[in-house]
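A.B. asks: Listed in order, the protein sequences are those of chains A and B.
Position one of the first sequence corresponds to residue 1 (my numbering), numbered consecutively onward.
Position one of the second sequence corresponds to residue 1 (my numbering), numbered consecutively onward.
It should be emphasised that the hints constitute simulated quantities derived from the structure, not laboratory data.
Virtual Cβ for every residue (Gly too), placed ideally from N, Cα, C.
Incorrect hints may have been included.
Far from chain B, by Cβ distances over 10 Å, these chain A residues were calculated [said to hold, decoys possible]:
1. Thr44
2. Arg53
3. Leu54
4. Val144
5. Ser172
6. Val193
7. Gly225
8. Ser226
9. Gln270
10. Arg273
Partner residues are not named here, just some residues of chain B that face chain A (Cβ under 8 Å, in silico) [said to hold, decoys possible]:
11. Met158
12. Asn187
13. Trp191
Take a look at the letters that make up each chain.
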Amino acid sequence: MKTQRVFSKVMLGLGFLFLYVPIVCLVVFSFNDSRSVTVWNFATSPSLRWYKRLVEDDAILSAAWISIKVAAMSASGAVVLGTLAGLVLARFGPFRGRALLRGLTTAPLVMPEVITGLSMLLLFVSLEQLLRAFFGVQFDRGIVTITIAHITFTMAYVTVVVQSRLAGFDDSLEEAALDLGARPAKVFFRITVPLILPAIMSGWLLAFTLSWDDVVITQFVAGPGSNTLPMVIFSRVRLGVNPVVNALATLMVLVVALGVILSAILMRRQEQRRKREEQMAASG
Amino acid sequence: MKPTAARALQANETGRLGPLWTFLFRYGPPRWTEYVLRNWSGQRLVIAVPYLWLLVFFLVPFLIVLKISFAEFSALGRPPYEPVFDFRLLEWSEKGVLQVKVMIGSYFYLFNEPLYVSSWLYSIKVAFFSTVMCLLLGYPMAYAIARSQPTYRNLFLMLVILPFWTSFLLRVYAWIGLLKNDGVINNVLQWLGIIDEPLAMMNTSFAVYIGIVYSYLPFMILPLYSNLEKHDLTLLEAAQDLGAGPIRSFLRITLPLSFPGVVAGSLLVFIPAVGEYVIPSLLGRTDQLMIAKLLSDEFFLNRDWPKASAVAIVMLLLLVLPIMVFQHFQNKELEAQRK
Numbered sequence: 001m002k003t004q005r006v007f008s009k010v011m012l013g014l015g016f017l018f019l020y021v022p023i024v025c026l027v028v029f030s031f032n033d034s035r036s037v038t039v040w041n042f043a044t045s046p047s048l049r050w051y052k053r054l055v056e057d058d059a060i061l062s063a064a065w066i067s068i069k070v071a072a073m074s075a076s077g078a079v080v081l082g083t084l085a086g087l088v089l090a091r092f093g094p095f096r097g098r099a100l101l102r103g104l105t106t107a108p109l110v111m112p113e114v115i116t117g118l119s120m121l122l123l124f125v126s127l128e129q130l131l132r133a134f135f136g137v138q139f140d141r142g143i144v145t146i147t148i149a150h151i152t153f154t155m156a157y158v159t160v161v162v163q164s165r166l167a168g169f170d171d172s173l174e175e176a177a178l179d180l181g182a183r184p185a186k187v188f189f190r191i192t193v194p195l196i197l198p199a200i201m202s203g204w205l206l207a208f209t210l211s212w213d214d215v216v217i218t219q220f221v222a223g224p225g226s227n228t229l230p231m232v233i234f235s236r237v238r239l240g241v242n243p244v245v246n247a248l249a250t251l252m253v254l255v256v257a258l259g260v261i262l263s264a265i266l267m268r269r270q271e272q273r274r275k276r277e278e279q280m281a282a283s284g
Numbered sequence: 001m002k003p004t005a006a007r008a009l010q011a012n013e014t015g016r017l018g019p020l021w022t023f024l025f026r027y028g029p030p031r032w033t034e035y036v037l038r039n040w041s042g043q044r045l046v047i048a049v050p051y052l053w054l055l056v057f058f059l060v061p062f063l064i065v066l067k068i069s070f071a072e073f074s075a076l077g078r079p080p081y082e083p084v085f086d087f088r089l090l091e092w093s094e095k096g097v098l099q100v101k102v103m104i105g106s107y108f109y110l111f112n113e114p115l116y117v118s119s120w121l122y123s124i125k126v127a128f129f130s131t132v133m134c135l136l137l138g139y140p141m142a143y144a145i146a147r148s149q150p151t152y153r154n155l156f157l158m159l160v161i162l163p164f165w166t167s168f169l170l171r172v173y174a175w176i177g178l179l180k181n182d183g184v185i186n187n188v189l190q191w192l193g194i195i196d197e198p199l200a201m202m203n204t205s206f207a208v209y210i211g212i213v214y215s216y217l218p219f220m221i222l223p224l225y226s227n228l229e230k231h232d233l234t235l236l237e238a239a240q241d242l243g244a245g246p247i248r249s250f251l252r253i254t255l256p257l258s259f260p261g262v263v264a265g266s267l268l269v270f271i272p273a274v275g276e277y278v279i280p281s282l283l284g285r286t287d288q289l290m291i292a293k294l295l296s297d298e299f300f301l302n303r304d305w306p307k308a309s310a311v312a313i314v315m316l317l318l319l320v321l322p323i324m325v326f327q328h329f330q331n332k333e334l335e336a337q338r339k
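Chain B extracted, bound-state conformation (with noise of 0.2 Å):
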């Protein structure tokens, strides 16, 4: 027999909401567990685990730093400086007015310090050039790993990928050896005769630049080589026949079938290199900061907990588009493989 509530809410429609109170009202906290029984089959519990963590763990921090962003900087409070869990956006102010609780001090200091403006640019400046070095070298190197031998193939892809196994933090400690004034690559020009002084490399953008295009070298020739490798060659011997040349051919047929490669192994370079934190703090310059090294300054040094949020916010809103473009063609990849 059902509770009458329940009956009485079924017999008149209630809407979209029907089932929401009919199950409410059927199932009272003490059965919902006979409901989750019954109803949740094994696949919806695979689904709710990887779900619950990564709403848990990775969307609700996002909305966390969101929030922390609009709080107020004190010198004097403790971190974060106001309860996360306080929803309230009004507040009486001592004068018995409501006001307006939600700051956005921090947002306007972003864009108004010269300090974070020229951050931005160069953070942006020296990824985009990383990214565009990167694709350089990778796009005939994964070419070339492509159209050699099949019997070659596995192991050159291995020599790509082998240095990505090891420590990406003593990679770029190995490249201060290499460039400083005292490193291995002036003793040796100096030693060939080739220059007087040591070249300053240390600490200049030129040692950010290396150290980027080195780290992520494998991640710009992956995806370029997987979409390289499946280019049907027929096309270029058409191209041949019918009296185009190399260079020619290369435009207007390996190119622009490549360019999902491209745009994959490019942006799998050029965000994270924005927010790249360990290559300049080793390698940069120390008279002008990446945005990821202001953020953690921010953060550690002053304490500044919703300047640092805000800036990972700002940050955030910028890479969006590049990183949804990513997921798209990622995810034409993974669905393309199905077929």
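Just chain A, with the same shape it has in the complex (with noise of 0.2 Å):
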């Protein structure tokens, strides 16, 4: 028992290290005052040098704007369709072609990036084609199809994280409100929805940084002019390291770890109410 406990208490240890030691080196560099992001220069650093090139980059700016316009349609996209497939699998009873939509909501989160996007584009290429020869309409391809293609690999997402809530509790509330005359419009969103809330944000925002950190497939289905964020960084990335991407990720890291310290707390605030108003239920 002890050496394993041991064993594997260092792994963990460890396994922290290898994750995080990037990270603070990614962030550590970004302060640096000299192109090099590996070699430290004493003499000068810290500086925010590098932060003050990333404000006055106008491809950074407009990019990240775009990403973020796209994020936030496709998480709610997302929310919606994944929530409404989630409650389907783990509350509809069995109806035919069940099995097909399980499998369809599942492969996207294994299914390699390649192929996603691949597929993707040629579909709206075979669409451009079709709306040539029969309406004459011409579309191009931008934010429209990369919203679309985040949509549907992201909702995948959300119907795992909606579905494994739903199935976390019974569904005696709801049958309480329907007996009770309730439509089932109206128990979806007076009982299931505020009990699923948290899965749902969580499943928005879960959506929200997938879409955010897409390239592979956004690569496939943007068109001309529409850049995200994540290909500006690729596409210079590529060319090899720079400073100003060191000091991107850190404002970036900062942003999640501010988020997550955040919606900690609120959950535990949360759960101590609800341990309370427990209590207090409970004496009486």
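Take each chain as given, in its own frame, and dock them per the hints.
C.D. replies: In structure tokens form, the structure reads like this:
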């Protein structure tokens, strides 16, 4: 028992070192006052030189704006579709085609991105052909196609989150409401949605992050002039290391860390309140 | 009063298609909305919305890829080289002979060109060994988290998930700074006097392994943790009472019980790793491509859409078995939660 514990603890420590040392390096060298991101310039560092450069970088800023728009739209779309799919899979009884739906919602989780990207692009090209042939309409690939592609691969994650949350408690509350005469739509919005709201929120955040982060699928379905932030970063990083990217990464790590800490505090507070209420209910 | 045709059709049994005929005759196009409103409950509509979306934007695209993979590439034409919605399989050639139009040239090429064969083998090798390394690192970590004090458990889990929320691309980028010839690792090792010459780590398979293990480690740890956490620890006590040593009880009890977690975690790493594009492009070898890079080069550089589609189809066929095994375990997990 003991050796096992010690060994696994040592591995846990090493694993966390492995996970966090690169991020720490990334952050530290963003304050380096030198073109190099590996050799610390002791004379003038730390400096905010690269942050200043970042704020003046129009390509990155406009790409970031596009990315935010795309991520917010796709996260919202993915939450609607993913919640419906999760609800169907967790609550609706067997229906014809359920197995296919289950397959279609889990496949995007593991599908290699190049395949999804290629297939989406070919779909859009075919749609272009169709629209041009039948309606004479011309449409260009851009933010809309990127958003559709992102909704499709992120809704799978939302579905899993919502489905497992719904599976976590039984449907007695919903049944009670139905027995009392509420219509299904009302039951959904008044009972089910409040119950799974944490899952919906974390699903939205997950979808936002995945969309914000995606480079491969986006590269396939993007058109000219719709460069998202990961595409800009990817093309710069391919040319070599770039301290501006370090500065950008530091800001993003900061936002994520703040968000996670904030949500942890909120969740803990909610938990405490629930416990208190339960105690009060128990004591009568 | 029903139209006579419908009544006639209803009168003599029309077999399985009977309802369809009656439907068509009874509710002609103008009255479809009425039919939908009357017979489609809200439930069906709720099923239909996500279903249609996934069919149109996930399933149909694969059929289009399949279709284009059979098209013929010509250096002069414009992609996709033939109308996508042309489903004629036969056509009259110039000599007036009916010939089969399907081109399997792209597939033939895939299995004969040494470049392709070596990329396939290399991708599978890289994915396999990174999965093994992920497992070797992730299992003890998941074990330690699952057996730690409940107060620390959430903190540890948060620390595992936190990197996942930060940009994947930037985390891979971070390794460039570490692995370069004048990177942090080499500098530290040289400063310590362990090595004289910098180790060449960038643009090697080693760098790709590191990148994949680093990026996919949370995917290995989380399913393993959720499995290990549920184990009944009294089993281990019983084994101890009966005289089994720690290693024996681990091998005979914990490891077999955690098998579903091992499978789920390994597949979550292996399947995307086979088709990994970003990590090998940033860290990997330049003389040996992985299959995803080859696909995108074929598509973007050579503009050979049929061949790129054929690569995608073959990749999908290779991964279909692992994907189905993953889905099986995933669904078992989700359905088990209901009870």
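A.B. asks: Test the statement that Arg53/A is away from the interface with chain B: the closest C-beta pair must be farther apart than 10 Å.
C.D. replies: The assertion about Arg53/A holds, with a minimum of 17 Å to chain B.
A.B. asks: Is the claim that Ser172/A lies outside the interface with chain B correct, judged by CB distances over 10 Å?
C.D. replies: Given a closest Cβ separation of 13 Å, the condition holds.
A.B. asks: Taking the shortest Cβ-to-Cβ distance between Gly225/A and chain B, state whether it exceeds 10 Å.
C.D. replies: 17 Å, holds
A.B. asks: If you take the shortest Cβ to Cβ gap from Met158/B to chain A, is it below 8 Å?
C.D. replies: With a closest approach of 7 Å, the Met158/B hint holds.
A.B. asks: With a cut-off of 8 Å on the beta carbons, see whether Asn187/B makes it to chain A.
C.D. replies: 6 Å, holds
A.B. asks: Verify that the Cβ of Ser226/A lies farther than 10 Å from every Cβ atom of chain B, and report whether the claim holds or is violated.
C.D. replies: Ser226/A is indeed farther than 10 Å from all Cβ atoms of chain B, at 16 Å.
A.B. asks: So is Val193/A really clear of chain B, every C-beta pair being over 10 Å apart?
C.D. replies: Holds: least Cβ distance 13 Å, greater than 10 Å.
A.B. asks: So is Leu54/A really clear of chain B, every C-beta pair being over 10 Å apart?
C.D. replies: 13 Å, holds
A.B. asks: Does the closest beta carbon of chain A sit nearer than 8 Å to the beta carbon of Trp191/B?
C.D. replies: At 11 Å from the nearest chain A Cβ, Trp191/B fails the 8 Å test, so the hint is violated.
A.B. asks: At 10 Å, judged by beta carbons, does Arg273/A keep clear of chain B as stated?
C.D. replies: 18 Å, holds
A.B. asks: Can we trust that Gln270/A is non-interface, i.e. its beta-carbon lies farther than 10 Å from all of chain B?
C.D. replies: With a cut-off of 10 Å, Gln270/A remains clear of chain B, as the shortest Cβ separation is near 14 Å.
A.B. asks: Beyond 10 Å from chain B, beta-carbon-wise, is Thr44/A?
C.D. replies: 19 Å, holds
Hint check: a violation occurs at hint 13 only; the rest are consistent with the structure.
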